[in-house]
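Going down the list, the protein sequences come from chains A and B. Here the working numbering is used: the first residue of the first sequence is 1, the next is one more, and so on. Here the working numbering is used: the first residue of the second sequence is 392, the next is one more, and so on.
Keep in mind the hints are simulated off the structure, nothing from the lab. Cβ atoms here follow ideal geometry from the backbone N, Cα and C, with glycine treated the same way. There could be a bad hint or two in this list.
Below, in silico cross-link-like pairs of lysine-lysine (BS3-like), each with a Cα-Cα straight-line distance of 25 Å or less [to be verified]:
1) B:Lys749 / A:Lys256
2) A:Lys143 / B:Lys676
3) A:Lys227 / B:Lys782
4) B:Lys782 / B:Lys814
5) A:Lys311 / A:Lys388
6) B:Lys769 / A:Lys282
Estimated spans, in silico, between C-beta atoms of each pair [claimed, not checked]:
7) A:Glu277 / B:Ser472: 44 to 50 Å
8) A:Thr76 / B:Gln512: 22 to 28 Å
9) B:Leu473 / A:Gly361: 51 to 57 Å
10) A:Lys311 / B:Ser824: 25 to 31 Å
11) B:Asn436 / A:Phe71: 53 to 59 Å
This is what each chain is made of:
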Amino acid sequence: MFKLDLFKLITTSVALVLSSTLLYGGSDTNALPGKYISKMGAVDGGVIYPRKDGTYTAYRYNEQSTKGVNFGRVPTANELKAWDVDIMPDGTGLPDGEGSVSEGDELYEKQCSSCHGEFGAGGKGYPTLTGGNQEKLPNGVIKTLTNQRIEPGMEAPKRTIGTYWPKATTLIWYIRDAMPYAHPKSLTNNDIYAITAYLLKQDNILIDGQEMDDDSVLNREKLMKIKMPNENGFYPNIDGPNGVENVRKFFSDRAKNIGAGTRCMKDCKDLSSKGNEPTVMKIDNEITDVVPPYSMARDLPPEVENKLESKAEKMYNDSCKLCHGSDKMGAPVVGDVEAWNKVTQKGFDNVVHNAIDGVGGMPPKGGYENFTNSEVQMIVEFMIDSSKKKH
Amino acid sequence: MDKTFKTEELNSLSRREFFKKTASVSAVAAAAIMSPSSLFADDENIIHHTQWGTTLGNELNEHPYGLPSKYEHNVVRRTSSLMSSAGDMHAAVSMTPLHELKGIITPNGLHFTRTHNGIAQIDPNKYRLMIHGLVDKPIVLTLEQLKRYPSESRIHFLECPSNGAGEWKGPQFNSLQFLKGMMSASEWTGVRLKTILDELGLKPTAKWMLAEGSDGSEMGRSVPVEKVLDDAMIVWGQNGEALRPEQGYPVRLMLPGWEANLCVKWLKRLEFSDKPWYAKEETSKYTALTASGRAIQHFYALEVNSIITSPCPERPWTDLTGGELVEIEGLAWSGHGTITNVDISLDGGKNWVEANLKGLVLPKSWTRFSYMHKFTGKPLLLQSRAVDDSKNVQPTVNQEKEVMGVEGVYHRNSICTWEVTKKGEVNNVQVRSI
C-alpha cells in the first residue's frame with residue numbers, strides 16, 4: 001500500500017525538482033532502477049550518475065533483478081532494545097537515572113580529569129571540555145567563535161561544551177558509549193547524569209533558566225529543559241521537514257557558501273599580488289616531529305632485535321601506558337629514572353599495594369578491575385625495570 | 392664455480408670502493424646522454440654478475456602472505472604526535488606516503504588511518520549488522536549472510552576532511568605525505584545499500600540514516616537517505632581482499648566522495664528516522680567554524696582538489712642538471728563527481744596551461760594528470776588546479792579563506808604551491824595575502 005503512496009510522492013517531487021535542475025549542473029536523467037528514485041542534483045551539490053543500459057559511469061553493472069534476495073532475519077525485541085539506544089535531541093533514548101553535580105565532581109576527578117584536566121579545563125593534550133567565554137555579539141553569535149588567528153599571537157576561538165556544543169543530549173550519548181576513553185561503557189546511567197551535571201555546571205549552563213549548584217540533580221526531565229548557548233550556531237538548518245532541502249540549497253551555491261575558484265588562464269590576479277609578483281608565504285617553523293623519520297633511501301632496514309613482548313609489557317602497553325607514557329598526565333613516566341627512584345623509595349611492596357588500591361589520581365588497578373593482584377605486581381615489576389638507569 | 396664467484400665478488404667490492412671515490416652513481420646518471428661514451432666509467436652493475444644472479448633465490452613459500460622488498464622499508468605510513476591527543480596513538484592519524492604511490496590505488500598497508508579509540512579487532516564470527524527504524528522489515532545479518540548479497544566493486548578515494556588542516560594559517564610541513572596524506576584510494580567491494588533496502592521497504596517518512604560503529608568510540612553520523620539510495624555501499628572488500636582492521640574490518644559504510652569520517656568503520660547499526668541525530672562527531676567535531684562565528688554542519692562531499700606528487704619535497708629535482716624534459720605528475724579528485732580538467736601554473740597562479748589527464752578517469756576517484764616540462768634551473772612556483780563535472784574549480788588560498796576564514800579545520804581544498812629552487816629543491820609554500 002505504501003508503495004503506491006511513495007510512487008505518487010516521488011512523481012510529484014521529481015516534477016518539483018525538474019525546474020531547479022539547471023542550478024545544480026547535474027545529470028540529465030533520474031533513471032535509477034528500483035523503487036526509490038533520487039532527486040536530480042545531489043544533496044551535496046554534485047552529480048547523480050544514472051544507471052542506464054547496464055552501465056554506471058565507466059562501470060558495467062549487474063542488471064539482473066535482485067527482487068527476493070533475502071538473507072538475515074528480523075531482530076528480536078531484546079536485540080533491538082540492546083542496540084537501539086542512540087539519543088536524539090527530542091529526548092528519544094535518554095536513559096533513566098539521575099546524578100548530582102557534587103557526585104559528578106567526585107566521579108570526574110577519578111575517571112576524567114587525568115585526560116581532560118581539572119574542571120574540564122584541558123591542558124593534558126586531550127580535548128578541553130569547559131571554559132570559554134559565552135558572551136554573545138548583538139547578532140546572537142558567541143564572540144570567542146569569531147576569533148580568527150590570521151596573525152601569530154592572536155587568540156583562538158574557544159570551542160568547549162558551553163561555547164560550542166549545540167545539544168546537551170549529545171553529552172549523555174557520547175559519555176555513555178565512548179567514555180571513559182580507556183574503558184568505555186563502564187559508567188552507570190546515574191554516573192553519566194552526574195558527570196554531565198558537573199560539566200554543565202562548570203560552564204554555567206542553566207536548567208530552565210536556573211543556575212546549577214553543587215546539589216543540583218540532572219535527569220531526563222531536567223536535561224530536556226536545557227538550551228545550549230550555541231544551539232543556533234550552526235548552518236544550514238537540518239531540522240524539520242525541510243532539513244534535507246536546506247542542505248541541498250546551501251550546497252547549490254558553493255561559491256558563496258564554501259568558496260570556489262575561477263578558471264582564469266592568463267594574467268590572473270590574486271589578492272596577494274603585489275605589482276606583478278604573487279606574495280609567497282614560507283614555512284615559519286617546520287614541523288619535523290614525524291615517526292618514522294623521513295627517508296627516501298632504498299637500503300636494508302636496520303637489524304631489529306628479535307625481542308618478544310612479555311605479557312607484562314603487553315598489559316602495560318594496552319592499559320597503563322595511556323597515563324604512564326606521557327609526562328602530561330601527572331603519573332610517573334616509565335623510563336624516567338628519577339621519578340621511579342622516588343616511587344620505589346616507598347619499598348616494592350608498598351608500590352604494588354598502591355597500584356592495587358589506587359593512589360593520588362590513579363584509581364584502583366588503574367581502573368582495570370579485571371586485573372588480578374599478581375598481574376598488577378607483574379606490571380609494576382616491568383615498569384620499575386624499564387625505569388632503571390641503563391649502564 | 393664457487394671460487395670464481397668469490398673472486399668476482401671481492402673484485403667487485405674493491406671496484407665499488409673505487410667508484411665511491413671517483414664517480415658517484417648519481418653523477419653517472421646526471422651526465423647528459425648525448426656525451427661521448429668514452430667519458431663514462433664502466434658501471435660495475437653491468438660489467439659484473441650480480442649477487443642475486445649467481446645464487447639461488449629465496450623459497451617461494453617463505454611468506455605465505457607476501458611482503459614488499461626489504462629495500463622498500465621506508466615506504467610506510469607516518470605519524471606525528473602533534474596530530475594526536477598527547478601523542479596517544481589510539482586517537483591519532485597516520486599519513487599515506489603519497490610521494491611513493493603510483494596510479495590510482497593505495498596498497499592496503501599504506502592506507503591512511505584515523506581512529507578515535509584505537510583499531511578495533513573484531514571477530515568476524517561474532518560480527519552482526521542491524522538495519523532498522525523506518526523500514527517495513529528490520530533485519531540483523533551475520534557477516535556471511537551480508538556477503539550473500541550481490542556485490543559491486545568500485546574505485547573511490549577516501550579522504551579525512553582534516554586533510555591539510557594544519558595549513559589554514561600557513562604552511563607547516565615540508566612534506567607531501569603530511570600536507571595531503573590523510574587520503575587514499577581503493578577498489579571497494581560490497582553491496583549497494585539500496586539493494587538491501589529494496590527488500591526491507593524504506594518508509595516514505597525516512598529522511599535520515601544513523602550509521603554507528605562498534606568500536607570503543609561507537610562512532611555515529613547522520614546521513615541523508617538520498618545519498619543512501621544513490622551510491623552508498625556497505626563494503627567488506629578492499630583491493631581484492633578483506634578490509635584491513637584499520638579500515639573497519641570486517642565491514643564499513645562507503646559514501647563515495649564524502650568525508651571518510653562519514654564512512655563509518657566497524658559498522659554495527661543503520662537506523663532510519665525522520666530526524667537527524669546530532670552525534671558527537673557531527674557537532675563538537677567535523678563542523679567547520681567560519682569567520683562569522685557560526686559553523687557549517689553536515690559538510691559532506693570533499694571538494695574538487697589536486698596536488699602535484701612529482702616533484703614534491705620528498706621527491707625533488709636536485710638530480711637534474713638543467714635542460715632535461717621531465718614529467719610533472721599529480722593527483723586530482725572530487726567528491727562531487729568526475730575530474731574534467733587540471734591546469735598547471737609555473738608562476739604561482741598568474742598563468743596557466745592545461746595538463747593531460749591519464750589512465751582511468753572515474754567519478755569520486757583519484758585521477759592522474761601529467762604535464763611535460765623542460766627544467767632549466769629557473770625557480771618555479773608550481774601549482775595545479777582541478778575542475779570537475781559539477782563545474783567546481785579548485786579555489787586559491789585567498790578565495791577559500793575569504794569564505795571559510797582560517798579556523799574551520801575541515802574541508803581545505805585550496806590550491807597548493809611547491810616552490811622549486813634553481814637547484815631543484817622543492818618546498819611547501821603558499822601564495823596568499825597574510
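Hints, one by one, checked against the model:
At roughly 32 Å between alpha-carbon atoms, B:Lys749 and A:Lys256 are farther apart than 25 Å, so this suggested pair is violated. A distance of roughly 19 Å separates the Cα atoms of A:Lys143 and B:Lys676; the hinted pair therefore holds under the 25 Å criterion. Distance restraint check for A:Lys227 and B:Lys782: the Cα-Cα separation of roughly 41 Å exceeds the 25 Å cut-off, and the hinted pair is therefore not satisfied. In summary, the hint linking B:Lys782 to B:Lys814 is not supported, as the alpha carbons are separated by about 38 Å, beyond the 25 Å threshold.
Simply put, A:Lys311 and A:Lys388 have alpha-carbon atoms about 19 Å apart, close enough for the 25 Å limit, and the pair holds. About 19 Å separates the Cα atoms of B:Lys769 and A:Lys282, which keeps this hinted pair within 25 Å; it holds. Distance hint for A:Glu277 and B:Ser472: a CB-CB separation of about 37 Å, inconsistent with the stated range 44 to 50 Å. About 27 Å separates the C-beta atoms of A:Thr76 and B:Gln512, a value consistent with the hinted range of 22 to 28 Å.
Between B:Leu473 and A:Gly361 the CB atoms are about 25 Å apart, so this pair departs from the stated range of 51 to 57 Å. Taken as a hint, the range 25 to 31 Å is violated for the pair A:Lys311 and B:Ser824, whose Cβ atoms sit roughly 58 Å apart. A hinted range of 53 to 59 Å for the beta carbons of B:Asn436 and A:Phe71 is consistent with their spacing of about 58 Å.
Taken one by one, the earlier hints fail for this structure at numbers 1, 3, 4, 7, 9, 10, listed in ascending order.
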